[in-house]
Every structure is written in structure tokens, then in C-alpha cells.
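> As given, the protein sequences belong to chains A and B, one line each in that order.
For the first sequence, position 559 matches number 641 in the numbering used here, and the numbering has no gaps at all.
For the second sequence, position 176 matches number 182 in the numbering used here, and the numbering has no gaps at all.
It is worth saying that the hints were derived from the structure and are not from the lab.
Computed from a prediction, not measured in an experiment: that's the story for all the values here.
Built from N, CA and C at the ideal position, the CB exists for glycine as well.
Warning: the hint list may mix true and false statements.
Said to hold, decoys possible - Which bits of chain A does chain B cover? Going by a derived footprint, with three or more residues having C-beta under 8 Å, they are:
(1) 117-126
(2) 183-189
(3) 561-570
Claimed, not checked - List time: in silico SDA-like cross-link candidates among lysine to any residue, alpha-carbon distance up to 20 Å:
(4) A:Lys548 with A:Glu531
(5) B:Lys219 with A:Glu401
(6) A:Lys617 with A:Ile630
(7) B:Lys189 with A:Met182
(8) A:Lys526 with B:Glu49
(9) B:Lys37 with A:Arg520
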Amino acid sequence: MIRQDILIVGGGLAGLAAALSSDPQLKVAVISKVHPLRSHSVAAQGGINAPLGNNPDAKDDNWEKHAFDTIKGSDYLADQDVAELMCERAVPAIYELEHMGVPFSRFPGGVIAQRPFGGAGFPRTCYAADRTGLVILHTLFEQSIRKNVKFYNEWLVTKLIVKDGKCLGVIVCDFATGQIIPVEARAVIFATGGYGRVYQKTTNAFINHGSGIGIAYKAGIPLKDMEFVQFHPTSLFDVNILITEGARGEGGYLVNNKGKRFMADYAPLAMELAPRDIVARAIQTEIDNGNGFEDQYVHLDLRHIGEAIIKKRLPGIREICINFAEIDPIESPIPIQPAQHYSMGGIDVNMKCSSCVEGFFAAGECACVSIHGANRLGGNSLLDTVVFGRIAGEEASNYVKGSEKSNNSEKILLEQALEVKMKVEEWEGKDSGEKMFRLLNRLKEVMSEKVGIFRDKRDLTEALEKILELKEDYKRIYISGKCLRYSQELVNIFEFDSMLNLAEVITLGALKREETRGSHFRLDFNKRNDKDWLKHTLVTREEDKARISYKDVKINKYKPVERKY
Amino acid sequence: MKYLFRILRYDPLKDEHPFFQDFFYETDEKKSVIEALMDIRNEQDCTLAFRYSCREAICGSCAMVINGKYDLACRTMLNSLMSSLIVIEPLPNMEIQKDLVVNMDPFFEALNKIEPYIESEADFSEGGYRIEEKEMDKILQYVNCILCGSCYSACPVASRDENYLGPAALAKLYRFVKDPRDKRPFSIWSKVNTEGGVWGCDTVFKCNEVCPKSVRPADGIEALRRKLIVEKIKRIFKFKR
Ligand SMILES: Cc1cc2nc3c(=O)[nH]c(=O)nc-3n(C[C@H](O)[C@H](O)[C@H](O)COP(=O)(O)OP(=O)(O)OC[C@H]3O[C@@H](n4cnc5c(N)ncnc54)[C@H](O)[C@@H]3O)c2cc1C
Ligand code: SF4
Ligand code: FES
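Produce the entire structure from the sequences given, and follow the hints as far as they go.
As C-alpha cells, then:
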């Protein structure tokens with residue numbers, strides 16, 4: 083059997099950061115369902131936040147101000163100690179990335195360039211044009227080659243094995259062969275990213291099914307604040323490819339069909355650079371009120387920024403517009419609409435990235451340390467992945483060095499692998515039943531129509547019913563393509579189980595939370611209610627039922643006040 | 007619009023030879039080749055295998071040959087092909103693992119050989135580096151590489167000589183050598199002063215032609231050649247003095 087001291091699941095930024103910080107004396111491996119460079123992190127565009135103060139407008143910036151912006155942006159649901167921890171570590175993290183080879187864009191004088199981003203008091207987003215994710219992911223991958231990190235690529239984790247509150251390892255499905263393989267590990271770190279594809283309109287990669295979060299949930303680990311789903315204001319109309327916030331950071335305007343910069347009505351001071359929840363709602367409201375184009379989008383106008391800046395700072399955006407919409411932003415405005423983008427919630431972990439299960443850690447978008455609260459600021463997620471990915475690697479190393487090896491894990495893992503294998507045989511053995519992609523489409527429809535930007539009790543209740551129906555239908559799933567080698571159908575069938583659970587947890591949390599906070603907007607409870615709801619939602623699976631509980635928010639310096647921009 | 011997709015199929019465990027299979031496909035929407043392939047897979051044959059991830063031409067998963075032309079399937083719109091017959095083949099000169107999925111190992115192994123990482127000094131100053139934008143600009147072209155493997159697949163030298171490092175790896179080496187932070191000694195990177203390295207290139211520029219990200223890897227190879235010669239001359243003069 084394959085045995086590792088530390089097993090990292092996910093080869094995106096959080097996973098690679100964890101691999102690089104794990105103790106090299108230990109046996110460490112990374113499992114990823116795609117080659118690490120194909121991870122969704124590669125698509126990040128706009129940048130990564132750190133209060134370097136390089137922008138002439140940001141001389142007074144510091145980590146406390148960054149922490150304050152993060153907490154205010156979160157609509158005060160962030161745990162303040164962890165937000166502070168992340169922001170304190172931001173500057174060294176950026177210099178470390180630079181040292182590892184990230185080719186950041188520069189300002190005159192040779193320092194790292196920084197642009198304004200939404201909800202930030204100072205321009206503090208470091209970037210490499212609009213391909214920041216590409217360069218950071220490639221750089222961390224390069225460092226992993228240098229450090230001889232062991233990779234198992236195109237391996238899908240299907241199950242986390244926990245016994246008596248202790249993590250023993252995982253069960254894997256090898257994409258190339260369809261084989262089921264047990265992997266024993268003393269510590270497991272999940273860095274499995276987001277679940278955007280639970281929605282129809284999303285900026286996320288095709289592969290972002292969020293199965294890691296669902297697998298942890300199934301193993302009994304609580305999920306936190308899952309009802310907080312970020313909708314990005316500006317995705318390219320129809321295809322929903324992201325148009326980075328950096329486009330507004332460089333000065334882009336949002337304009338409705340009357341030619342008006344409508345953000346003046348919603349956030350008169352911050353205008354286009356208000357936080358994402360506010361801008362996304364503003365755009366959707368404009369569209370719903372008949373001020374959009376074709377009732378589906380508004381314009382993001384970059385023309386006044388000029389050809390030179392567009393070519394220099396937003397070449398990727400220009401390429402995307404030309405490629406996918408046949409328009410050149412130098413000459414015409416970009417049609418944009420909101421789309422699902424990011425998960426503020428995730429696997430419940432503490433500031434050491436550890437969970438209630440001994441030896442199980444999580445970092446990156448799949449985790450909820452609780453930095454982003456009810457709304458994440460742009461540029462804070464990449465920072466989250468590198469800071470907490472690193473912490474996860476260090477903490478898992480400490481854990482392994484201080485713990486005893488379990489005795490009978492091999493037997494349990496073999497049994498569990500057999501169980502998974504029998505499941506596959508069952509799906510393969512059937513000649514009829516529910517087809518995977520139909521169920522997937524149905525789920526996406528439900529989530530987009532009923533658990534979107536604007537929510538209310540009726541929609542959420544209906545959504546929940548539909549999800550439970552889908553759960554029943556899923557029991558009749560079958561594999562129609564009778565070859566398990568490189569079978570995306572098999573991958574999807576495995577992951578869909580998680581997607582159903584995630585959808586349920588998101589919807590349940592949203593239904594119960596009778597207030598409006600950050601990205602969670604209830605038409606029937608349209609005010610923030612700190613008295614009853616300044617708390618984290620936890621959903622735990624108990625005997626295949628979702629059980630909901632709550633936990634206090636850590637408030638240090640910053641008392642919750644109304645958010646104004 | 008109605009399309010006829012002619013897709014190369016091959017399962018090395020079952021089929022003696024690769025063969026083309028036809029699929030009819032109809033859509034009113036604007037779709038990319040990768041979306042059409044997913045629809046065909048979902049609705050007609052779930053055993054059809056291919057790779058994908060980002061759908062926005064940045065992850066490098068989906069390079070293939072579409073109507074005879076190398077491209078990323080996710081950025082190729084059906085209507086842009088101006089044809090109702092769409093022929094899809096996997097990257098040539100690479101071992102087919104199944105249908106459109108090819109073995110990328112040789113490509114990544116070649117990359118590993120050039121030590122594809124910054125070799126900066128062990129310590130770094132607290133305040134970061136000072137590098138002017140014009141210095142960064144010199145490597146940007148190469149930084150845009152998404153390691154999709156198209157150039158490697160199209161390169162006539164790589165296809166006949168498995169020891170040849172290939173365009174992407176060599177261009178990547180140039181990206182590092184040119185980076186002001188990189189301190190690798192000449193004795194290390196000049197290992198590419200061979201037929202398996204920079205002198206293997208036949209300068210037919212297939213790589214520049216097929217690259218979907220305008221990396222122009224052959225520019226990097228030529229620049230490495232020039233740099234090698236210059237460094238050598240410098241060394242001879244130093245030696246004489
Ligand atoms: C288009 C776009 C642009 C963005 N731009 C920015 C930006 O400019 N700034 C910013 O701060 N944030 C940005 N974000 C957010 C940020 O990019 C992501 O939140 C972050 O990259 C997530 O990194 P990760 O390492 O957690 O996950 P990912 O990069 O998604 O990696 C997940 C990894 O887990 C693996 N995996 C998943 N499930 C399994 C399984 N079951 N078994 C095995 N492996 C599995 C995958 O193969 C993958 O390697 C952007 C997001 C999007 C969608
Ligand atoms: S140089 Fe171009 S073709 Fe070659 S791997 Fe990089 S992106 Fe692909
Ligand atoms: S799917 Fe990522 S490049 Fe095509």
C-alpha cells in the first residue's frame with residue numbers, strides 16, 4: 083500500500099504552498115485530479131494583496147489597515163484574529179513569492195507594482211499584468227520540482243477515512259485506469275478548491291466540483307458559513323469567463339443602457355470599487371429594472387483608459403474578449419453580468435488549519451478559517467492560499483512528528499477501498515438508470531434559479547426539496563460508457579455525491595439565516611441583524627442528515643458597524 | 007447549425023489502430039470545440055476521453071489538432087472554423103493513452119532537465135528586489151507559456167529525437183537565464199550547448215506557428231544560442247588575459 087506521512091490533496095496554490103512548507107524529512111506527496119498546472123488557481127487574474135505601500139497613493143498603508151478592510155469587507159463575520167494573522171504575513175509572503183521567481187509587474191524604481199481593488203482603503207494589490215494566478219502557480223510548481231515533491235496526478239480522492247476521530251488516509255480513483263487505490267497517510271491536507279460548477283453561471287473552471295469539501299463533510303467534519311457564496315460582478319456575458327476586478331482597478335466604468343455610471347446610486351464614494359457583493363447586487367438590480375442590455379448584462383467600459391494601459395496591464399482580458407466575444411475592449415465596452423465566483427465558506431478549520439479530526443487539515447478555498455466572512459475582498463484569496471497553505475504544511479508536519487502511527491489502519495483502508503470498488507461495479511453493472519449529466523444540469527438549474535444573488539424563503543425551501551429529490555434520483559445513477567479508463571463520467575458520478583451535499587448545506591444555511599449579510603441577501607430579511615446572527619453557521623452530517631449549529635465570531639478590535647462605501 | 011464531428015478514437019488496450027468515428031452534432035448556441043466535445047460525450051458516447059479544465063485558454067489542458075490546425079479546443083469557437091465538418095485529432099507524435107488524451111510525460115521530463123526554477127541567492131533582502139519593468143518585459147513573452155505541449159508535438163526534431171529538449175523547455179531556460187534574479191552559473195546552463203539542446207533546433211519554426219499563446223519559443227532558442235556564443239567569446243578573452 084502507498085504510505086505517506088503527509089498527503090496533500092490538491093495541486094493548486096494552497097496545495098503546492100503546503101507541499102513546499104512541509105518538513106522535507108517527512109514523506110510528502112500531492113494528489114491531484116488534474117496535473118497541478120491545470121488547477122483552477124492558474125486562472126486567477128487580478129492580483130494578490132499585501133500592504134507594501136509601493137503605490138504613491140499608499141504610503142500610509144500597513145497590515146492593520148489591510149486587516150480592517152478585510153473585516154469590514156466581510157460584513158464583520160470574519161474572525162478578527164485570523165484576518166489579522168493573514169494580513170500580518172502578507173508582506174513577507176509576497177517577498178517570498180518574488181524570491182521564488184514570480185515575475186510581478188513593476189513600478190518605476192523597480193518595486194512591485196500595486197493597483198487599487200474593491201473595498202480596499204489603499205492600492206495594495208500586487209499583480210503580474212492580469213495573469214497573476216498563472217505566474218504564481220507556475221512558480222510554486224517550479225519550486226516543487228526543485229524540491230522533488232512527489233506527485234500523483236490525475237488521481238481523484240473519493241473518500242476520507244476517519245476512525246475514532248483520527249484520520250487514516252484516503253481512497254483514490256486513478257483516472258487513467260479507473261482503479262480504486264487506498265492511500266495511507268498520517269496527516270491529510272485538503273486543498274481542493276471551490277465548487278463553482280454547482281452553479282450554471284460561474285467563473286470557475288469546468289473541473290471545480292468542490293468534491294473535497296463534500297468528502298470532508300461526509301467524513302463527519304463540519305462545514306462553516308457555506309451560505310456565503312460570492313458572485314463576481316463582472317463576468318463576460320454568456321460565457322461567464324472572469325473579467326478581473328483589476329479592470330475596474332485600472333479605472334474601468336460600469337455603465338447601464340442609459341449611459342449612466344450607475345454605481346453612483348449604490349456606493350457613491352467607492353463607485354466601481356465597492357466590494358463585490360455590493361457591485362454584483364447593483365448590476366443585477368440594474369438588469370432587473372430594465373436598465374441592462376437585452377435584459378441580461380451591463381457594460382464595463384475601458385475605452386477611456388487607453389490602448390497603452392489595456393495592452394500593458396490587461397492583455398489577458400483583451401485576449402479573452404477578442405477570443406470569446408469578438409470584441410476589442412480598446413474599441414468597445416465589454417458586456418458583463420454577475421456569476422458565481424468564490425466560496426467564502428468551507429471545511430471548518432482553526433487558525434492552524436486543523437479540524438476536529440486529528441490529522442486532518444484544510445487550506446485554500448475549500449477551507450473556512452474564516453477570513454473572508456460574508457464577503458471576500460478581491461486579491462485576498464490568493465493571499466489566503468499561500469499564507470494558510472504554508473501554515474497547513476507546517477502544522478501537519480508538527481502533528482506527524484508528535485503523534486503515534488495508527489496500528490490497524492491498513493486493514494480499514496483495504497476494507498473501505500473494497501467498498502468503493504463495489505460501488506463502482508454496481509454503477510457499471512447497470513444498463514439503465516439516471517444519466518450523470520442530466521442530474522448535473524438539473525442541480526445547476528436549481529442552484530442558479532433559487533440560491534443566487536437574491537434569496538427568499540420560498541425559493542430556498544423549494545430548492546431544498548428539489549435537492550432532496552435529486553439525492554433520491556442519484557441512487558439510480560449508472561455508468562453509460564462501459565470503459566473506466568479516462569472516464570469523466572465516473573469522475574462526475576463520484577463528485578456529484580459531494581455536489582448534492584454541498585448544495586444542501588448551502589441552501590439550508592441560507593434558509594436558516596434570516597438576515598442579510600455580505601453576499602447573502604434575503605429579500606424577506608433585508609437588514610443585517612447582529613443581535614441574532616453575528617455568528618458562524620456550522621453544518622454537520624449525522625446519520626445522513628444535516629444538523630445545523632452556530633458558533634461565535636471572534637471580535638477583537640473592530641466593533642461591527644454599518645458598512646458604507 | 008449542424009456539424010459533423012470526425013473524432014480520432016483509439017483505445018490501446020482494445021483497438022489495433024486509431025480510427026475516425028463520426029458524430030452528428032447540432033446546436034443553436036455559440037459553442038467552443040471543448041463544449042461541443044462535452045455535449046457529444048454526454049449525449050452520445052460517455053467513453054470519449056479528452057482533457058479539459060479552465061475553459062479559458064490558460065491551463066494548457068486541451069491542446070489538440072482541429073481541422074488540421076493546432077489549437078486549444080476551449081478557445082476555438084465552432085463558427086470560427088467556417089466548416090460543418092470538424093476533424094479532431096490528439097496532439098501528434100505523442101503516445102495516445104485514449105482517444106484525445108496523450109502521454110505528456112516526455113514533455114514534462116524534458117522540462118525538468120533544464121532545472122526550470124529560479125536559482126536565486128539563498129538570502130533575500132527584506133524589502134524585495136529592485137527590477138525595472140523593462141527587465142521584466144524581456145521575459146514576459148516566455149512567462150506566458152501555459153505548457154500545453156503543442157510546440158513539442160509539432161516540432162519535427164522532438165518527434166524524431168527523444169533526447170531533444172524541445173521548444174518549450176528551451177524557451178523556459180532562456181526565461182530563467184534572462185531573469186535578473188537568477189544566478190545559475192554558465193557551467194550549468196551551458197549544458198544545453200548540444201544537439202539535444204539548442205543546436206538540435208532545425209529552425210523551421212513550427213513551434214512559433216502552433217503556439218496558442220504567442221510565446222514564440224524559437225526566439226528563446228536563438229537567444230540562447232547567441233548568449234552561449236557571446237559567453238564563450240568572453241571566456242576565451244578572459245583566459246587569454
Ligand atoms: C477566474 C478566477 C480569477 C480569480 N482571480 C483571483 C485574483 O486575482 N486574486 C485572488 O486573490 N483570487 C482570485 N480568484 C480566487 C482564487 O483564484 C482561488 O480561490 C484560489 O486560486 C483557490 O486555490 P486553491 O489552491 O484553494 O484551489 P484550486 O486552485 O482550485 O486547486 C484545487 C486542487 O484540488 C484538486 N482537487 C479537487 N478535488 C479533488 C479530489 N477530489 N481529488 C483530488 N484532487 C482534487 C484539483 O485538481 C486542484 O489541483 C480567482 C478565481 C477565479 C475563478
Ligand atoms: S510555448 Fe506555446 S505551444 Fe509551447 S508549451 Fe508553451 S504555450 Fe504551449
Ligand atoms: S481547458 Fe484550459 S486551456 Fe483549454
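> All the hints need checking, so say for each whether the structure fits it.
For each hint, the structure was consulted:
1. For a cut-off of 8 Å, the count of residues in the region 117-126 of chain A with a CB near a CB of chain B stands at 7, and the three-residue condition holds.
2. Residues of the region 183-189 of chain A with a Cβ under 8 Å from some Cβ of chain B number 6, which satisfies the need for three, so the listed coverage holds.
3. Figure legend: the region 561-570 of chain A, annotated as covered by chain B; annotation consistent (9 residues with Cβ-Cβ distances under 8 Å, at least 3 required).
4. Restraint check: the Cα-Cα separation between lysine 548 of chain A and glutamate 531 of chain A comes to about 12 Å, which is no more than 20 Å; the hinted pair holds.
5. Pair hint lysine 219 of chain B plus glutamate 401 of chain A holds up; C-alpha atoms about 10 Å apart against a cutoff of 20 Å.
6. Our distance criterion of 20 Å between C-alpha atoms is met by lysine 617 of chain A and isoleucine 630 of chain A, whose separation comes to about 12 Å.
7. Simply put, lysine 189 of chain B and methionine 182 of chain A have alpha-carbon atoms about 12 Å apart, close enough for the 20 Å limit, and the pair holds.
8. Among the hinted pairs, lysine 526 of chain A with glutamate 49 of chain B is consistent with the structure: their alpha-carbon atoms are about 17 Å apart, no more than 20 Å.
9. The straight-line distance between the Cα atoms of lysine 37 of chain B and arginine 520 of chain A is roughly 19 Å, inside the 20 Å bound, and the hint therefore holds.
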